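Colleague: What follows is each chain in one-letter form.
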Amino acid sequence: GNSVTQMEGPVTLSEEAFLTINCTYTATGYPSLFWYVQYPGEGLQLLLKATKADDKGSNKGFEATYRKETTSFHLEKGSVQVSDSAVYFCALRDSGGGADGLTFGKGTHLIIQP
Amino acid sequence: NAGVMQNPRHLVRRRGQEARLRCSPMKGHSHVYWYRQLPEEGLKFMVYLQKENIIDESGMPKERFSAEFPKEGPSILRIQQVVRGDSAAYFCASSPTGGSNQPQHFGDGTRLSIL
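Residue numbers (my numbering), protein chains in the order written: chain Y, 1 to 114; chain D, 1 to 115.
Warning: the hint list may mix true and false statements.
Simulated coverage check for chain D against chain Y, where a stretch passes if three residues somewhere in it have a Cβ under 8 Å from a Cβ of chain Y [stated by the list, open to error]:
(1) 53-59
(2) 103-110
Between beta-carbon pairs, the in silico distance windows are [as the list claims (entries may be wrong)]:
(3) D:Gly-16 to Y:Glu-69: 47 to 57 Å
(4) Y:Glu-15 to D:Glu-18: 39 to 49 Å
(5) D:Gly-85 to Y:Ser-3: 16 to 26 Å
(6) Y:Glu-15 to D:Gly-98: 23 to 33 Å
(7) Y:Gln-45 to D:Glu-41: 37 to 47 Å
(8) Y:Thr-5 to D:Gly-3: 41 to 51 Å
(9) D:Ala-2 to Y:His-109: 28 to 38 Å
(10) D:Ala-2 to Y:Ser-3: 27 to 37 Å
(11) Y:Lys-52 to D:Gly-98: 16 to 26 Å
(12) Y:Ser-14 to D:Arg-15: 44 to 54 Å
(13) Y:Glu-15 to D:Arg-22: 37 to 47 Å
Not close to chain Y: a few residues of chain D, all C-beta gaps over 10 Å, as computed [as the list claims (entries may be wrong)]:
(14) Asn-7
(15) Gly-42
(16) Ser-66
(17) Ile-76
(18) Gln-80
(19) Gln-81
(20) Gly-98
If you're looking for bench data, these hints aren't it; they were derived computationally from the structure. On a predicted model such as this, the values are computed, not experimentally measured, just so you know. Backbone N, C-alpha and C define an ideal beta-carbon position, used for all residues, glycine too.
So here's chain Y without its partners, still in its complex pose (with noise of 0.2 Å):
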């Protein structure tokens, strides 16, 4: 089955730091791949999405680029803020069959400290 696998959190950092959050996953078909945003209280935001190998989204000065030889969606960003801190969310939808709905990892907790 399909599955998403994202580094344990919570991740602290101050402002301004480089940020990394790791993400892997395992799929049947050929997936498409979101990272989503949440933060306290509401529903979630797409951040960005790829939707076949080595596309590179981005939105907001995050980045996450395909890698399907490594089956790694790793979001980045250069300089986080304050107002980064939020619930981050991994998820694929499957092409190849399976259940309909995105299929998420567990999320990542980041907390920004000024």
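Fit chain D to the given chain Y structure using the hints.
Modeller: Just chain D, lined up with the frame of chain Y:
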């Protein structure tokens, strides 16, 4: 542009009662997905519906849970005879088509508490 609207935001029920959660998709979206989020966990897919049809319910518990998306009106997730373990946040998402490369847009969720 209104996003995905869920109501109520918070719902409290006693064991054995029924819970009804509503979801209105974004304008122009005819595909709806329901997810459940338990504390400290990611979201788990429950069911995928298109207007008047259940496309995939592989994530739905076999008993007490049902979902519909009628021709008119919101999608409804219904939980009968609720138990303590049903306490969770339930999120609805929508997309314009069902393609796997389509991002899903999420509502703010309904937080269900069972007394």
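Colleague: Hints first: check each against the structure and report whether it holds.
Modeller: Each hint, compared with the structure:
no.	hint	result
1	53-59	holds (count 4)
2	103-110	holds (count 7)
3	D:Gly-16 to Y:Glu-69: 47 to 57 Å	holds, 53 Å
4	Y:Glu-15 to D:Glu-18: 39 to 49 Å	holds, 47 Å
5	D:Gly-85 to Y:Ser-3: 16 to 26 Å	holds, 23 Å
6	Y:Glu-15 to D:Gly-98: 23 to 33 Å	violated, 41 Å
7	Y:Gln-45 to D:Glu-41: 37 to 47 Å	violated, 19 Å
8	Y:Thr-5 to D:Gly-3: 41 to 51 Å	violated, 29 Å
9	D:Ala-2 to Y:His-109: 28 to 38 Å	holds, 29 Å
10	D:Ala-2 to Y:Ser-3: 27 to 37 Å	holds, 34 Å
11	Y:Lys-52 to D:Gly-98: 16 to 26 Å	holds, 18 Å
12	Y:Ser-14 to D:Arg-15: 44 to 54 Å	holds, 46 Å
13	Y:Glu-15 to D:Arg-22: 37 to 47 Å	holds, 40 Å
14	Asn-7	holds, 13 Å
15	Gly-42	violated, 4 Å
16	Ser-66	holds, 17 Å
17	Ile-76	holds, 18 Å
18	Gln-80	holds, 22 Å
19	Gln-81	holds, 25 Å
20	Gly-98	violated, 7 Å
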